[in-house]
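With the hints as constraints, model all of the structure from the sequences given.
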Amino acid sequence: MFYREAGQYKTSYAADMAVFPIRQDLIGVLLMLAVAYVAIPMFGSEFFLSSVMIPFLVFSLAAIGLNVLTGYTGLISLGTGAFMGVGAYACYKLTTIFPGVNIIVWIVVSGFFSALVGVLFGIPSLRIKGFYLAVATLAAQFFLQWCFVRIPWLYNYNASGAIEVAQRTLFDIPITGARATPETRYFVLLTIVVVLTWFASNLVHGRIGRAWMAVRDMDIAAELMGIKLLDTKLLAFAVSSFYAGVAGACMMFLWYGGGEASDAFNINQSFNILFMVIIGGLGSLIGSFFGAAFISTLPTVLKFGLPAIGIPLAGATAEHLTHIVVGGLIIFFLIVEPHGLARLWQIGKQKLRMWPFPY
Amino acid sequence: MRAPGDGHGTTAGEVLLAVEGVSLSFGGVKAITDVSFDIRKGEIRAIIGPNGAGKTSMLNVINGFYHPQQGRIAFKGETRKRMRPYVAASQGIARTFQNVALFKGMSTIDNIMAGRTLKMKTGFFWQCLRHGPALNEEIEHRKFVEEIIDFLEIQAIRKMPVGKLPYGLQKRVELGRALAMQPDLLLLDEPMAGMNLEEKEDMSRFIIDVNNQYGTTIALIEHDMGVVMDLSDRVVVLEYGRKIADGTPAEVSADQKVIDAYLGVPH
Ligand SMILES: Nc1ncnc2c1ncn2[C@@H]1O[C@H](COP(=O)(O)OP(=O)(O)OP(=O)(O)O)[C@@H](O)[C@H]1O
Ligand SMILES: [Mg+2]
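Here the protein sequences come in this chain order: A and B.
Here this note's numbering is used: the first residue of the first sequence is 1, the next is one more, and so on.
Here this note's numbering is used: the first residue of the second sequence is 1, the next is one more, and so on.
Among the hints, a few may not be true.
[Stated by the list, open to error] Distance condition first, Cα-Cα at most 16 Å in a straight line; then the derived EDC-like pairs of lysine to aspartate or glutamate:
1) B/Lys-257 x B/Asp-246
2) B/Lys-257 x B/Glu-239
3) B/Lys-119 x B/Asp-150
4) A/Lys-129 x A/Asp-25
5) B/Lys-121 x A/Asp-231
6) B/Lys-104 x A/Asp-219
7) B/Lys-104 x A/Asp-217
8) B/Lys-164 x A/Asp-217
9) B/Lys-200 x B/Asp-230
10) B/Lys-200 x B/Glu-190
11) B/Lys-200 x B/Asp-224
12) B/Lys-76 x B/Glu-43
[As the list claims (entries may be wrong)] Far from chain A by the CB rule (all over 10 Å, computed), these chain B residues:
13) Arg-40
14) Glu-137
15) Tyr-167
16) Met-229
17) Asp-233
18) Pro-249
[As the list claims (entries may be wrong)] What follows is a set of in silico ranges between Cβ atoms, one per label pair, in the way DEER data are often shown:
19) A/Ala-308 x B/Asn-99: 51 to 59 Å
20) B/Pro-161 x A/Phe-332: 17 to 25 Å
21) B/Pro-161 x A/Ala-39: 34 to 42 Å
22) A/Phe-332 x B/Gly-123: 49 to 57 Å
23) A/Phe-142 x B/Gly-52: 17 to 25 Å
24) A/Asp-172 x B/Val-87: 42 to 50 Å
25) A/Leu-126 x B/Ile-208: 52 to 60 Å
26) A/Thr-96 x B/Pro-161: 45 to 53 Å
27) B/Arg-72 x A/Phe-143: 32 to 40 Å
28) B/Gly-123 x A/Val-105: 20 to 28 Å
29) B/Lys-164 x A/Gly-130: 22 to 30 Å
30) A/Glu-337 x B/Arg-80: 44 to 52 Å
31) B/Lys-164 x A/Ala-34: 33 to 41 Å
32) A/Leu-31 x B/Pro-161: 25 to 33 Å
Note that these hints are calculated values from the structure, not bench results.
C-beta: ideal position from N, C-alpha, C; glycine also.
Printed below as a string of structure tokens:
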């Protein structure tokens with residue numbers, strides 16, 4: 001009834017090519033932005049912002065990054081955690097060496113460092129695929145993790161080996177460090193995520209996105225059409241690692257506020273992001289958000305939600321339950337619906353378009 | 001559609017592509033042995049032969065996917081020991097595949113748009129913004145792609161993921177994707193295999209139209225002799241990787257070696 005394309009005639013290719021072909025989709029996005037920028041900071045508690053929204057946004061960014069590589073280009077990676085780490089450490093070094101430059105600049109610039117590292121470790125992807133590439137990225141994961149621990153220069157020779165997030169301000173408002181409020185950190189992070197999501201959406205809908213998907217679906221045909229395989233794959237590695245790097249920097253500076261970094265960027269994190277992409281939907285940006293929302297909030301929901309409605313649940317049990325649910329869903333989605341939650345979303349929209357008629 | 005490249009209007013007879021003494025083997029298997037032939041501008045050149053004769057391998061040599069051990073390939077007057085896929089594509093060679101090789105997860109439009117990749121130039125920065133030059137370019141190429149879609153009469157499936165389409169339509173989309181490259185030389189590997197009569201007639205019509213309207217030179221592998229006789233200007237016949245005949249359809253079909261190899265005598 002409300003979600004219809006009826007009466008919306010496309011009179012130009014520009015209109016038909018739009019990322020949101022149905023007006024309600026655009027309205028939906030604007031509505032979501034309004035909720036994210038106005039409603040959530042207004043009504044959400046500090047706990048909600050710092051324990052639900054901020055983790056969700058950080059993981060969304062990382063999931064978009066991995067989705068570019070795995071979902072769109074068909075290259076599997078188990079090194080996402082390490083690439084996030086490169087971003088975090090790059091940001092730490094940059095803001096230590098140049099404390100005068102705004103931290104937001106360094107968060108974004110640190111993405112370029114991890115893009116570079118990602119490209120280096122992406123070079124074997126010309127020759128190897130699938131399982132073997134997964135192993136190669138696993139090597140990247142362990143090598144970089146080793147660097148995070150063994151190169152004290154990276155963490156400024158701190159005795160604890162941790163990243164220490166100092167206070168940095170924008171217009172005298174602290175955005176990192178102990179005195180930065182969850183609201184401020186949330187706004188900064190949200191803006192980074194919105195802008196980068198918009199870029200990603202533009203990329204995947206244009207020439208570059210088509211080249212990525214062509215390489216994923218049929219690399220021989222792509223090559224014979226003049227798509228350079230190595231360039232295309234390396235660009236996917238670069239963009240993917242850029243997103244992961246920015247996500248890692250955001251994680252340390254806007255979420256954790258410092259800490260034992262080498263733990264945050266281990267192989268578990270890589271799998272975590274991979275699961276988000278699988279559950280959310282391979283090759284879907286909205287799916288990246290779904291997957292991140294699902295996996296990052298599930299533990300919180302179980303831990304605090306179930307006791308709130310009267311079902312007692314110990315912390316350890318909640319954790320185990322999370323593993324069981326996530327594991328079950330991954331098996332379900334891998335076998336039944338590789339396009340994940342995003343596909344269910346699509347089907348829902350399709351039904352709504354037809355509603356109330358079944359066909 | 002605009003006429004592709006400089007293919008149109010030039011006199012037939014000029015050699016566009018010449019294969020000279022090409023031999024190709026895989027380990028011990030000789031796929032092609034010392035084959036020479038040429039393709040002239042504007043013609044439809046059929047390549048025929050029994051299964052395993054080396055026809056597909058020959059196309060793969062021409063567009064640089066296989067590298068022959070011996071021989072040379074001259075395209076547009078430039079002679080090379082071997083082609084490279086990127087060079088072949090950017091010099092104007094497009095192809096379709098014996099077993100459809102579409103981008104299964106993409107829509108019909110996106111598949112054909114992908115064929116425009118080499119013609120799209122805006123850089124990464126504008127692609128991130130999808131405004132200004134990037135958007136203009138996208139619209140311009142989208143118009144071209146819509147013309148191909150009209151030409152191939154596949155308007156109804158424009159937005160469908162191609163993986164779900166029936167085989168006959170997939171072959172058509174694949175032709176569209178090759179046409180999007182505005183090739184000077186179009187290589188078609190059994191474009192009508194597995195089609196019913198009606199679909200074959202449609203496909204034949206498209207091939208003739210492409211050749212007539214845009215002057216595109218076509219190399220065609222086909223098993224259906226009726227189609228070959230109707231469509232092609234000249235035919236080259238391969239058997240066990242060797243060329244056994246070369247000439248007009250009438251000449252070739254009267255050739256005793258061809259009759260033995262292909263039209264009758266069992267091996
Ligand atoms: N990549 C390859 N590796 C090994 N052998 C190959 C390869 N490609 C082709 N061949 C061999 O080369 C020979 C010619 O094959 P080709 O596919 O060119 O034949 P064809 O004429 O296209 O046959 P068909 O009519 O069945 O398509 C066959 O013996 C085949 O087994
Ligand atoms: Mg063949």
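Structure-based check of each hint:
About 11 Å separates the Cα atoms of B/Lys-257 and B/Asp-246, which keeps this hinted pair within 16 Å; it holds. Distance hint between B/Lys-257 and B/Glu-239 is fulfilled; the C-alpha atoms sit about 10 Å from each other, no more than 16 Å. For the given pair, B/Lys-119 sits about 21 Å from B/Asp-150 by alpha-carbon distance, which is inconsistent with the 16 Å threshold. For a cut-off of 16 Å, the pair hint linking A/Lys-129 to A/Asp-25 is broken: about 36 Å separates their Cα positions.
For a cut-off of 16 Å, the pair hint linking B/Lys-121 to A/Asp-231 stands: about 15 Å separates their Cα positions. Of the supplied pair hints, the one linking B/Lys-104 and A/Asp-219 holds, its CA atoms being roughly 12 Å apart against a limit of 16 Å. Simply put, B/Lys-104 and A/Asp-217 have alpha-carbon atoms about 6 Å apart, close enough for the 16 Å limit, and the pair holds. Using a Cα cut-off of 16 Å, the hinted pair B/Lys-164 and A/Asp-217 holds, with the two alpha carbons roughly 14 Å apart.
At most 16 Å may separate the alpha-carbon atoms for a hinted pair to count; B/Lys-200 and B/Asp-230 meet this at roughly 12 Å. For the hint linking B/Lys-200 to B/Glu-190, the alpha-carbon distance of about 11 Å falls within 16 Å, and the restraint holds. Between B/Lys-200 and B/Asp-224, the direct Cα distance comes to roughly 10 Å. Compliance with the 16 Å bound is thereby established for this hinted pair. Taking the CA atoms of B/Lys-76 and B/Glu-43, the gap is about 15 Å. The hint holds against a cut of 16 Å.
At roughly 23 Å from the closest C-beta of chain A, the C-beta of B/Arg-40 stays outside 10 Å, upholding its exclusion from the interface. Distance check on B/Glu-137: its Cβ comes as close as 8 Å (rounded) to a Cβ of chain A, failing to clear the 10 Å threshold; non-interface status is violated. With a least beta-carbon separation of about 16 Å from chain A, B/Tyr-167 lies farther than 10 Å from that chain, consistent with its non-interface assignment. Here B/Met-229 stays apart from chain A, with its beta-carbon at least about 29 Å from theirs, past the 10 Å limit.
Its beta-carbon lying about 25 Å from the closest one in chain A, B/Asp-233 satisfies the requirement of being farther than 10 Å from that chain. At the 10 Å boundary, the C-beta of B/Pro-249 stays outside the reach of chain A, the nearest C-beta of that chain being 28 Å off. One distance hint, 51 to 59 Å for the beta-carbon pair A/Ala-308 and B/Asn-99, holds here, with the actual separation near 57 Å. Judged by the Cβ atoms, the range 17 to 25 Å given for B/Pro-161 and A/Phe-332 holds: they are separated by roughly 22 Å.
The hinted window of 34 to 42 Å between B/Pro-161 and A/Ala-39 holds, with their beta carbons roughly 36 Å apart. Checked against the hint of 49 to 57 Å, the C-beta distance between A/Phe-332 and B/Gly-123 comes to roughly 41 Å, which is inconsistent with it. A/Phe-142 and B/Gly-52 have their C-beta atoms about 47 Å apart, which leaves the hinted 17 to 25 Å range violated. For the hinted restraint 42 to 50 Å between A/Asp-172 and B/Val-87, the CB-CB distance of approximately 59 Å leaves it violated.
Between A/Leu-126 and B/Ile-208 the CB atoms are about 40 Å apart, so this pair departs from the stated range of 52 to 60 Å. At about 49 Å, the CB distance of A/Thr-96 to B/Pro-161 agrees with the hint of 45 to 53 Å. Here the CB-CB span from B/Arg-72 to A/Phe-143 is close to 46 Å, at odds with the stated 32 to 40 Å. For the pair B/Gly-123 and A/Val-105, the supplied restraint of 20 to 28 Å holds, since their beta-carbon distance comes to about 23 Å.
Between B/Lys-164 and A/Gly-130 the beta carbons are some 24 Å apart, a value that agrees with the proposed interval 22 to 30 Å. For A/Glu-337 and B/Arg-80, the Cβ-Cβ distance of about 47 Å falls inside the hinted range of 44 to 52 Å, so the restraint holds. B/Lys-164 and A/Ala-34 have their C-beta atoms about 37 Å apart, which keeps the hinted 33 to 41 Å range intact. Under the hint 25 to 33 Å, the C-beta atoms of A/Leu-31 and B/Pro-161, about 28 Å apart, fit the expected range.
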